[in-house]
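Each chain is listed here by its residues.
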Amino acid sequence: MSPKGVTAAIRAVLVGMLLAGASAELLAQPPHEAQVPSPSNTQSYPPATQAPPGTPWSAQAVREFLGLGPAPDAAAAKRGAPVYAANCSFCHGPQARGAEGPSLIYSELVLKDQHGTLIADFLRGGRPEKGMPAFATLTDEQRKDVAEFLHQQVEDVANRGTFQIKNIVLGNPKKGARYVAAHCLGCHSLTGDLRGLAEKWRPADLQHNWIMPPRTGDRRAITATVHAPQATWHGRVEQIDDFRVVLLEDSGQFVVVARDAGVTVELHDPLAPHVAMIGNLADSDMINVTAYLETLQ
Amino acid sequence: MKHPRVVWQVLCLAALLSTANANQLDAATLGQPPTTSWPTFNGDYTGDRFSSLKQINTSNVSSLQLQWSYRITEVGAQRGAPVPVIKSTPLLVNGTLYFTIPNHVYAADARTGATLWSYSWADEGGHLVGNRGLGMYQSWLYFLGPDDWVICVDSNTGKERWRKQIADARLQYFTTTAPLVVRNHVLVGVGGDAMDIRGFLVSLDPETGDVQWKWWSTPGAGEPGIESWPSVDAAMHGGGGTWLPGTYDPELNLIYWGTGNTNPVFAGQGRKGANLYTTSIVALNLDTGKLVWHFQLSPHDTHDWDNTEMPVLVDTNIDGRPRKLLAQAARNGWFVVLDRTNGKVLVSTPYVKVNWAKGVDKRGQPIPDPAVQPNVSGSMTIISATNWMSPSYSPATGLFYVNAVEGFGIYYLLDTDPKPSGYGGTVNVLGTNTRFLKAIDVNTGKVRWQHEYPNLNGAPATLGPGLLSTAGNLVFTGDDQGNLIAFGADQGEILWHFRASAAQSNGPITYLLDGKQWVVLAAGDTLYAYTLAPAARGIP
Numbered sequence: 001m002s003p004k005g006v007t008a009a010i011r012a013v014l015v016g017m018l019l020a021g022a023s024a025e026l027l028a029q030p031p032h033e034a035q036v037p038s039p040s041n042t043q044s045y046p047p048a049t050q051a052p053p054g055t056p057w058s059a060q061a062v063r064e065f066l067g068l069g070p071a072p073d074a075a076a077a078k079r080g081a082p083v084y085a086a087n088c089s090f091c092h093g094p095q096a097r098g099a100e101g102p103s104l105i106y107s108e109l110v111l112k113d114q115h116g117t118l119i120a121d122f123l124r125g126g127r128p129e130k131g132m133p134a135f136a137t138l139t140d141e142q143r144k145d146v147a148e149f150l151h152q153q154v155e156d157v158a159n160r161g162t163f164q165i166k167n168i169v170l171g172n173p174k175k176g177a178r179y180v181a182a183h184c185l186g187c188h189s190l191t192g193d194l195r196g197l198a199e200k201w202r203p204a205d206l207q208h209n210w211i212m213p214p215r216t217g218d219r220r221a222i223t224a225t226v227h228a229p230q231a232t233w234h235g236r237v238e239q240i241d242d243f244r245v246v247l248l249e250d251s252g253q254f255v256v257v258a259r260d261a262g263v264t265v266e267l268h269d270p271l272a273p274h275v276a277m278i279g280n281l282a283d284s285d286m287i288n289v290t291a292y293l294e295t296l297q
Numbered sequence: 001m002k003h004p005r006v007v008w009q010v011l012c013l014a015a016l017l018s019t020a021n022a023n024q025l026d027a028a029t030l031g032q033p034p035t036t037s038w039p040t041f042n043g044d045y046t047g048d049r050f051s052s053l054k055q056i057n058t059s060n061v062s063s064l065q066l067q068w069s070y071r072i073t074e075v076g077a078q079r080g081a082p083v084p085v086i087k088s089t090p091l092l093v094n095g096t097l098y099f100t101i102p103n104h105v106y107a108a109d110a111r112t113g114a115t116l117w118s119y120s121w122a123d124e125g126g127h128l129v130g131n132r133g134l135g136m137y138q139s140w141l142y143f144l145g146p147d148d149w150v151i152c153v154d155s156n157t158g159k160e161r162w163r164k165q166i167a168d169a170r171l172q173y174f175t176t177t178a179p180l181v182v183r184n185h186v187l188v189g190v191g192g193d194a195m196d197i198r199g200f201l202v203s204l205d206p207e208t209g210d211v212q213w214k215w216w217s218t219p220g221a222g223e224p225g226i227e228s229w230p231s232v233d234a235a236m237h238g239g240g241g242t243w244l245p246g247t248y249d250p251e252l253n254l255i256y257w258g259t260g261n262t263n264p265v266f267a268g269q270g271r272k273g274a275n276l277y278t279t280s281i282v283a284l285n286l287d288t289g290k291l292v293w294h295f296q297l298s299p300h301d302t303h304d305w306d307n308t309e310m311p312v313l314v315d316t317n318i319d320g321r322p323r324k325l326l327a328q329a330a331r332n333g334w335f336v337v338l339d340r341t342n343g344k345v346l347v348s349t350p351y352v353k354v355n356w357a358k359g360v361d362k363r364g365q366p367i368p369d370p371a372v373q374p375n376v377s378g379s380m381t382i383i384s385a386t387n388w389m390s391p392s393y394s395p396a397t398g399l400f401y402v403n404a405v406e407g408f409g410i411y412y413l414l415d416t417d418p419k420p421s422g423y424g425g426t427v428n429v430l431g432t433n434t435r436f437l438k439a440i441d442v443n444t445g446k447v448r449w450q451h452e453y454p455n456l457n458g459a460p461a462t463l464g465p466g467l468l469s470t471a472g473n474l475v476f477t478g479d480d481q482g483n484l485i486a487f488g489a490d491q492g493e494i495l496w497h498f499r500a501s502a503a504q505s506n507g508p509i510t511y512l513l514d515g516k517q518w519v520v521l522a523a524g525d526t527l528y529a530y531t532l533a534p535a536a537r538g539i540p
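Here the protein sequences line up with chains V and E, keeping their order. Here this note's numbering is used: the first residue of the first sequence is 1, the next is one more, and so on. Here this note's numbering is used: the first residue of the second sequence is 1, the next is one more, and so on.
Because the hints were derived from the structure by calculation, they are not lab data. By construction, the Cβ of each residue, glycine as well, lies at the ideal position given by its N, Cα and C atoms. Warning: the hint list may mix true and false statements.
[Unchecked claim] Here are the simulated DSSO-like cross-link-like pairs (lysine-lysine), alpha carbons at most 27 Å apart as the crow flies:
no.: 1; chain 1: E; residue 1: Lys419; chain 2: V; residue 2: Lys78
no.: 2; chain 1: V; residue 1: Lys112; chain 2: E; residue 2: Lys164
no.: 3; chain 1: V; residue 1: Lys130; chain 2: E; residue 2: Lys419
no.: 4; chain 1: V; residue 1: Lys130; chain 2: V; residue 2: Lys112
no.: 5; chain 1: E; residue 1: Lys214; chain 2: V; residue 2: Lys112
no.: 6; chain 1: E; residue 1: Lys446; chain 2: E; residue 2: Lys358
no.: 7; chain 1: E; residue 1: Lys272; chain 2: V; residue 2: Lys166
no.: 8; chain 1: E; residue 1: Lys344; chain 2: E; residue 2: Lys214
no.: 9; chain 1: E; residue 1: Lys272; chain 2: E; residue 2: Lys344
no.: 10; chain 1: V; residue 1: Lys166; chain 2: V; residue 2: Lys78
no.: 11; chain 1: E; residue 1: Lys446; chain 2: E; residue 2: Lys324
no.: 12; chain 1: E; residue 1: Lys419; chain 2: V; residue 2: Lys112
no.: 13; chain 1: E; residue 1: Lys272; chain 2: E; residue 2: Lys290
no.: 14; chain 1: E; residue 1: Lys54; chain 2: E; residue 2: Lys516
no.: 15; chain 1: E; residue 1: Lys446; chain 2: E; residue 2: Lys353
no.: 16; chain 1: V; residue 1: Lys112; chain 2: V; residue 2: Lys78
no.: 17; chain 1: E; residue 1: Lys290; chain 2: E; residue 2: Lys353
no.: 18; chain 1: V; residue 1: Lys166; chain 2: V; residue 2: Lys200
no.: 19; chain 1: E; residue 1: Lys344; chain 2: E; residue 2: Lys290
no.: 20; chain 1: E; residue 1: Lys419; chain 2: V; residue 2: Lys166
no.: 21; chain 1: V; residue 1: Lys130; chain 2: V; residue 2: Lys166
[To be verified] If you want the ones that stay clear, here's a sample from chain E, every Cβ over 10 Å from chain V, calculated:
no.: 22; residue: Lys159
no.: 23; residue: Asn285
no.: 24; residue: Asn317
no.: 25; residue: Pro370
no.: 26; residue: Ala533
Build out the structure end to end from the sequences listed, making use of the hints.
Take a look at the structure:
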């Protein structure tokens with residue numbers, strides 16, 4: 001265990017002197033990697049696991065990323081909803097996605113409008129030659145409220161930062177109980193660590209986290225035993241790539257071992273049974289267990 | 001009479017001088033295997049990113065030396081990206097490197113890394129998610145603003161020549177691709193799926209930017225393929241971006257392009273059917289843009305599996321007969337080898353573990369399992385197995401190299417309306433992704449060797465490095481933790497690495513300049529340029 005007498009295979013042993021902050025800078029991935037939006041524009045951004053959908057930060061970040069323009073005025077949109085329902089939904093559908101008349105989600109006028117100025121003018125005159133009546137009897141305020149309602153519909157479609165996962169607790173708790181009894185109780189307890197998860201996490205997070213728990217705390221950390229020709233180390237893995245492994249030993253010492261010839265790394269993952277579930281768990285078992293865990297108060 | 005003649009002579013001389021000084025891309029080099037230049041996104045039209053150079057090889061790669069690096073320092077945070085990331089593959093023409101980040105073009109001296117000029121664009125919308133690079137024709141460069149502008153720039157000065165807008169950013173069309181120049185066509189694709197675009201590929205005149213033809217990714221009323229949609233309206237908003245460059249076979253005069261995911265993205269209930277020609281490989285006539293054949297990798301896609309990955313042209317012998325083939329490692333985890341003359345299948349098999357397919361149909365197209373679709377309570381399947389990062393094929397080893405991610409996520413349906421719109425769902429990644437470099441035998445589709453990149457935090461799902469293979473029996477790429485790596489191409493052993501300031505972020509290129517073989521690649525905001533140490537080149 002002692003780094004004493006270590007050969008050139010070990011390029012650096014950082015003892016105690018390595019400040020926590022410095023180690024973080026050394027070991028962390030370059031910060032932008034985790035933050036850059038999906039290069040293809042197509043994975044959910046930001047990832048649901050990092051920023052729960054629906055947080056204001058997430059909505060604003062995605063709005064900027066997508067270039068969606070100003071945020072809709074939620075209060076005005078709410079005022080506009082009944083006005084829209086009474087005057088517009090018959091032709092354009094309840095969510096403006098089109099019915100007899102065209103979808104307004106993709107309307108150039110709606111997308112170019114800011115704060116109702118274009119839309120309110122348009123509604124006052126309509127487009128009678130194309131069957132779109134004038135709404136001159138509405139007040140200017142009402143027309144602007146309708147505009148904000150339309151912007152809200154666009155926002156609900158386009159801004160994935162505002163998306164909310166629906167109620168996912170649709171499984172069969174009895175079947176979930178049978179699965180848990182058969183597969184989980186070797187490590188977990190119904191009266192201990194499995195209780196109260198529903199209060200801790202929202203259902204979609206619960207579903208994610210019972211399958212793959214967050215790697216928090218020492219108990220869930222990956223550890224490694226590293227053998228070099230003249231020494232062996234054991235500790236929590238702080239970083240590993242093809243060229244080095246960084247351990248935090250029980251003594252609090254950081255050890256950086258170059259993965260040269262003759263150096264072997266044995267990884268131990270306490271969450272291995274969870275990792276093994278990923279890609280193998282049937283969807284029915286997944287949703288039944290989630291439904292069951294929701295009942296364990 | 002005398003006076004004007006003198007003026008004319010002076011003008012002629014000036015023109016001659018300016019031509020002598022001007023960087024001019026010799027059209028004959030376009031489409032040739034890249035050795036002393038790298039004049040297109042892929043180096044040539046095959047997309048194989050294989051170089052016949054072997055000055056750098058397995059015996060000396062360990063002595064690669066950094067000659068210069070070029071760091072972009074003046075840009076700072078861009079909308080949605082805290083620091084600039086070079087995702088573009090540079091062009092190398094007559095000793096000048098041309099590369100991009102969103103809204104910026106740079107020209108640098110390939111010998112020293114010194115800036116020659118730069119060009120900036122002020123966008124009005126569009127996504128700054130990346131920019132893949134440039135196209136070049138004679139002395140003109142073609143660059144895309146994120147907000148659907150095609151900009152023609154003088155390669156000698158960085159001065160703008162013309163600009164044309166090809167789509168509306170407010171409809172969530174955006175442009176990040178590297179235009180592909182073939183003969184007198186500038187081929188430009190679009191991306192964007194937040195609001196149900198109708199994808200298209202457009203061919204522009206290199207002199208004027210005028211539209212020569214436009215191919216829509218989804219059929220219109222009465223056109224073949226419309227039967228794969230429930231309505232014309234659904235097809236008009238059916239997605240199918242074209243946001244990476246394609247490849248070209250000059251003998252067949254066909255271009256090959258991958259099309260993006262279907263829209264609405266995760267909610268398929270409003271678009272029952274196969275949804276042609278999204279998530280497909282399409283072969284189009286270069287001069288007319290007419291569809292010649294198609295092969296759909298993800299019929300009725302509901303998992304955001306853009307099929308824009310490079311359709312790589314492979315020429316090989318099968319049973320003693322030369323064959324014109326095309327290979328693709330698709331984002332849905334499937335690997336195909338097709339006859340590129342007609343789209344007929346030779347190999348169709350997954351290259352990562354997948355749980356979404358029920359086999360293949362009689363054309364060899366995967367059959368998605370209807371039980372594995374986003375739903376309200378969640379459905380677990382793979383995340384994207386690869387993405388925009390360039391693969392490589394080495395005719396020397398017969399192996400197709402791809403940086404692949406193995407991982408799963410839970411897909412949720414959020415929009416249960418019979419007429420959904422936009423994304424309509426989301427994926428909750430389970431966070432144990434592993435990245436592999438896979439070397440796939442094109443004859444069988446079997447993974448001959450693979451290298452797992454260790455990463456405690458799991459592989460980031462989408463920011464990945466491209467690949468380059470060479471006749472020196474090398475594959476250049478990088479991991480997710482800032483290591484640039486050279487592998488042996490036939491066996492996959494690591495032969496060289498360099499710790500950069502960020503993870504590799506583009507596709508590497510190589511070329512011969514002044515008799516020296518260079519390897520140039522980007523990591524984050526920095527371009528790195530390497531040659532062998534003089535002794536390793538045999539110079540005392």
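Here is what the structure says about each hint:
1. E:Lys419 / V:Lys78: holds, 22 Å
2. V:Lys112 / E:Lys164: Holds - the C-alpha atoms of lysine 164 of chain E and lysine 112 of chain V are around 20 Å apart, at most 27 Å.
3. V:Lys130 / E:Lys419: Since the Cα atoms of lysine 130 of chain V and lysine 419 of chain E sit roughly 24 Å apart, the hinted pair holds (cutoff 27 Å).
4. V:Lys130 / V:Lys112: OK: lysine 130 of chain V and lysine 112 of chain V at ~20 Å, within 27 Å.
5. E:Lys214 / V:Lys112: holds, 25 Å
6. E:Lys446 / E:Lys358: Roughly 19 Å separates the two Cα atoms, so the pair holds.
7. E:Lys272 / V:Lys166: holds, 23 Å
8. E:Lys344 / E:Lys214: holds, 25 Å
9. E:Lys272 / E:Lys344: holds, 25 Å
10. V:Lys166 / V:Lys78: holds, 21 Å
11. E:Lys446 / E:Lys324: Satisfied, since the Cα-Cα distance of roughly 20 Å is no more than 27 Å.
12. E:Lys419 / V:Lys112: holds, 24 Å
13. E:Lys272 / E:Lys290: Given that 27 Å is the threshold and the Cα spacing comes to 25 Å, the pair holds.
14. E:Lys54 / E:Lys516: holds, 11 Å
15. E:Lys446 / E:Lys353: holds, 12 Å
16. V:Lys112 / V:Lys78: holds, 21 Å
17. E:Lys290 / E:Lys353: Since the Cα atoms of lysine 290 of chain E and lysine 353 of chain E sit roughly 36 Å apart, the hinted pair is violated (cutoff 27 Å).
18. V:Lys166 / V:Lys200: Between lysine 166 of chain V and lysine 200 of chain V the Cα gap is close to 18 Å, so the pair holds against 27 Å.
19. E:Lys344 / E:Lys290: holds, 18 Å
20. E:Lys419 / V:Lys166: holds, 17 Å
21. V:Lys130 / V:Lys166: violated, 39 Å
22. Lys159: The claim holds: lysine 159 of chain E sits with its nearest Cβ about 27 Å from chain V, beyond 10 Å.
23. Asn285: holds, 27 Å
24. Asn317: Given that every Cβ of chain V is farther than 10 Å from that of asparagine 317 of chain E, nearest at about 35 Å, it holds.
25. Pro370: The claim stands: proline 370 of chain E keeps its Cβ more than 10 Å from every Cβ of chain V (closest is about 13 Å).
26. Ala533: Alanine 533 of chain E is indeed farther than 10 Å from all Cβ atoms of chain V, at 20 Å.
Comparing the model with each numbered hint stated earlier shows that hints 17 and 21 do not hold.
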